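K.L.:
Taken in sequence, the protein lines are chains U and E.
So the first sequence is numbered by our numbering: it starts at 72 and just counts up by one.
So the second sequence is numbered by our numbering: it starts at 72 and just counts up by one.
Heads up, some of the hints might be wrong.
Which copy is meant is left open, so a pair is good if it fits within one copy or across any two.
With a Cα cut of at most 35 Å, we get these calculated DSBU-like pairs of lysine-lysine [what the hints assert, rightly or not]: (1) Lys97 to Lys288; (2) Lys152 to Lys336; (3) Lys152 to Lys327; (4) Lys76 to Lys185; (5) Lys327 to Lys185.
Treat the hints as calculated values from the structure; they're not laboratory data.
Computed from a predicted structure; not experimentally measured.
There are 2 protein chains.
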Amino acid sequence: MYFRKVTILGVGLIGASLALALKKYKLAETIIGYGRTEAHLVVAQERSIIDAFERDPARACDGADLIVFSTPVGIFLDLAKRISDCVREGALVTDVGSVKGELVREMERVLAPKGRFVGGHPIAGSDRSGIWTASADLFVHARCIVTPTPLTDKGALEQIAEMWRAVGSAVELLDPDEHDRIYAAVSHLLHVLVYELVNTVAEINDSYLAYSGQGFKDTTRIAASHPELWRDICLSNRDNIVMFLDRFQKNLDVVKEYLTTRDGKSLLARFEQARKLRERIGRDRNS
Amino acid sequence: MYFRKVTILGVGLIGASLALALKKYKLAETIIGYGRTEAHLVVAQERSIIDAFERDPARACDGADLIVFSTPVGIFLDLAKRISDCVREGALVTDVGSVKGELVREMERVLAPKGRFVGGHPIAGSDRSGIWTASADLFVHARCIVTPTPLTDKGALEQIAEMWRAVGSAVELLDPDEHDRIYAAVSHLLHVLVYELVNTVAEINDSYLAYSGQGFKDTTRIAASHPELWRDICLSNRDNIVMFLDRFQKNLDVVKEYLTTRDGKSLLARFEQARKLRERIGRDRNS
Numbered sequence: 072m073y074f075r076k077v078t079i080l081g082v083g084l085i086g087a088s089l090a091l092a093l094k095k096y097k098l099a100e101t102i103i104g105y106g107r108t109e110a111h112l113v114v115a116q117e118r119s120i121i122d123a124f125e126r127d128p129a130r131a132c133d134g135a136d137l138i139v140f141s142t143p144v145g146i147f148l149d150l151a152k153r154i155s156d157c158v159r160e161g162a163l164v165t166d167v168g169s170v171k172g173e174l175v176r177e178m179e180r181v182l183a184p185k186g187r188f189v190g191g192h193p194i195a196g197s198d199r200s201g202i203w204t205a206s207a208d209l210f211v212h213a214r215c216i217v218t219p220t221p222l223t224d225k226g227a228l229e230q231i232a233e234m235w236r237a238v239g240s241a242v243e244l245l246d247p248d249e250h251d252r253i254y255a256a257v258s259h260l261l262h263v264l265v266y267e268l269v270n271t272v273a274e275i276n277d278s279y280l281a282y283s284g285q286g287f288k289d290t291t292r293i294a295a296s297h298p299e300l301w302r303d304i305c306l307s308n309r310d311n312i313v314m315f316l317d318r319f320q321k322n323l324d325v326v327k328e329y330l331t332t333r334d335g336k337s338l339l340a341r342f343e344q345a346r347k348l349r350e351r352i353g354r355d356r357n358s
Numbered sequence: 072m073y074f075r076k077v078t079i080l081g082v083g084l085i086g087a088s089l090a091l092a093l094k095k096y097k098l099a100e101t102i103i104g105y106g107r108t109e110a111h112l113v114v115a116q117e118r119s120i121i122d123a124f125e126r127d128p129a130r131a132c133d134g135a136d137l138i139v140f141s142t143p144v145g146i147f148l149d150l151a152k153r154i155s156d157c158v159r160e161g162a163l164v165t166d167v168g169s170v171k172g173e174l175v176r177e178m179e180r181v182l183a184p185k186g187r188f189v190g191g192h193p194i195a196g197s198d199r200s201g202i203w204t205a206s207a208d209l210f211v212h213a214r215c216i217v218t219p220t221p222l223t224d225k226g227a228l229e230q231i232a233e234m235w236r237a238v239g240s241a242v243e244l245l246d247p248d249e250h251d252r253i254y255a256a257v258s259h260l261l262h263v264l265v266y267e268l269v270n271t272v273a274e275i276n277d278s279y280l281a282y283s284g285q286g287f288k289d290t291t292r293i294a295a296s297h298p299e300l301w302r303d304i305c306l307s308n309r310d311n312i313v314m315f316l317d318r319f320q321k322n323l324d325v326v327k328e329y330l331t332t333r334d335g336k337s338l339l340a341r342f343e344q345a346r347k348l349r350e351r352i353g354r355d356r357n358s
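Could you build all of it, start to finish, from the sequences and the hints given here?
P.N.:
Structure follows, in structure tokens:
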């Protein structure tokens with residue numbers, strides 16, 4: 072596997088890390104970056120993350136044999152429309168967005184005439200963002216979800232999976248809609264909760280945040296995540312997120328009932344169940 | 072400052088760590104442990120965390136010049152009643168519970184005839200529990216809240232503050248009710264949310280938890296906290312917690328509204344506000 076020209080649309084943490092990894096594992100000859108902020112592109116070029124950059128996405132993609140969408144998901148479709156005429160016949164197109172589902176089907180539709188689109192979602196990055204924390208090893212031992220549809224080109228699917236394996240990831244195939252339900256539950260939901268937990272505490276009393284201990288800091292670390300990125304993700308996956316927020320609020324109602332009626336036995340049962348479930352997923356890197 | 076006999080009621084992470092710290096800084100001659108599980112007390116004695124143990128709390132406290140309540144808060148009052156006759160005249164009595172408020176006033180009332188009670192809450196421990204993770208250095212650079220009331224003996228208050236400083240903590244005085252509002256917001260509330268987040272995800276689909284990444288693991292680490300301890304804390308501070316849960320749910324309603332109406336601008340404003348607030352409290356030890 073070797074790409075003569077790779078275009079990275081959005082040179083943030085994930086895009087820049089993938090560029091570094093493609094170079095490190097000798098999978099790409101030339102890497103072109105596109106982004107909205109010229110200063111970031113200049114830094115990326117100075118650091119040899121990309122070989123050159125273009126301020127026009129269509130020109131950036133011209134002749135590329137691999138195109139990677141790594142901007143916030145909210146501008147994917149607009150970008151896809153802007154580049155679709157310039158995509159080389161048979162080019163491989165993928166993305167690293169946290170939302171798949173409908174977005175994958177629309178990307179497919181817009182890009183299908185020439186490019187072969189395969190949706191992807193590397194599970195890496197956490198609360199960090201920007202090229203300053205980029206690393207060629209970001210994807211090593213990470214999981215990468217790839218989301219084929221009935222229309223996906225089998226050869227393209229195999230190449231994208233192969234690329235992620237080549238940079239160190241374990242590839243897992245998922246239906247795009249199932250992906251969105253899963254990540255609404257284990258990722259998008261909790262980002263909303265944590266952002267709102269911080270807002271709620273500040274609303275109760277702005278000075279209380281100064282009393283936060285390690286538990287609060289650990290729990291709210293992801294509130295440092297990129298707000299624009301998360302606005303886009305939440306809007307794209309809004310139906311699942313709203314449904315799960317409803318469910319979560321109903322569970323909070325149950326807890327409030329137990330607290331109000333001083334039902335310690337039922338409260339303990341819920342806490343014990345949560346502890347057992349949490350223990351099943353293992354301790355994290357820092358424990 | 073030197074205690075001839077110290078009694079630790081409840082030899083868990085905090086009780087055992089305090090025992091180790093009192094020995095390390097040569098603040099205590101003999102340390103007696105009391106607890107409900109004999110096997111734990113045997114281990115604590117074998118590891119020289121305590122010098123001896125008693126299975127009867129009154130006997131454990133007999134003649135002690137310092138008594139520390141470090142069991143789950145739910146049994147504080149029952150224990151206080153059982154030891155009150157045996158407390159030496161003028162003995163110093165304190166606790167390490169995460170709830171103060173009404174509990175401090177009741178402890179004061181029960182123990183006042185002989186002992187001088189001062190409520191305390193060292194901010195240490197996080198999701199860990201049990202003597203296996205105890206450390207003499209647990210309180211170094213930690214904050215310790217001490218909660219005097221109008222009835223608190225001034226000399227006793229100074230001695231308890233002095234003890235916490237001697238084991239490395241920064242002491243801060245707070246009104247017991249204000250303590251409970253603050254810690255309902257920055258600690259108790261989030262324990263409930265995290266326990267219920269884990270329960271909700273499992274309820275949506277039991278298999279989804281296997282997809283949790285670093286963000287979910289960090290956010291839910293505190294779900295590993297001791298369920299009994301947290302049942303007691305939540306019940307004791309239930310009015311504040313229920314009030315703050317109401318407020319949190321109202322904020323979730325606002326977010327659901329923004330999602331449903333696709334109001335990306337308002338959503339972004341909330342996420343940006345949360346990010347700014349979170350950045351103010353600093354990065355954690357692992358970043």
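K.L.:
Look at each hint and say if it fits the structure.
P.N.:
Comparing the hints with the structure gives:
1. Lys97 to Lys288: between (39 Å within a copy, 33 Å between copies)
2. Lys152 to Lys336: Intra 57 Å, inter 23 Å, cutoff 35 Å: inter-copy only.
3. Lys152 to Lys327: This pair counts as between: shortest inter-copy Cα distance 30 Å, intra-copy 49 Å.
4. Lys76 to Lys185: within (16 Å within a copy, 83 Å between copies)
5. Lys327 to Lys185: neither (56 Å within a copy, 38 Å between copies)
Of the numbered hints stated above, the single one contradicted by the structure is hint 5.
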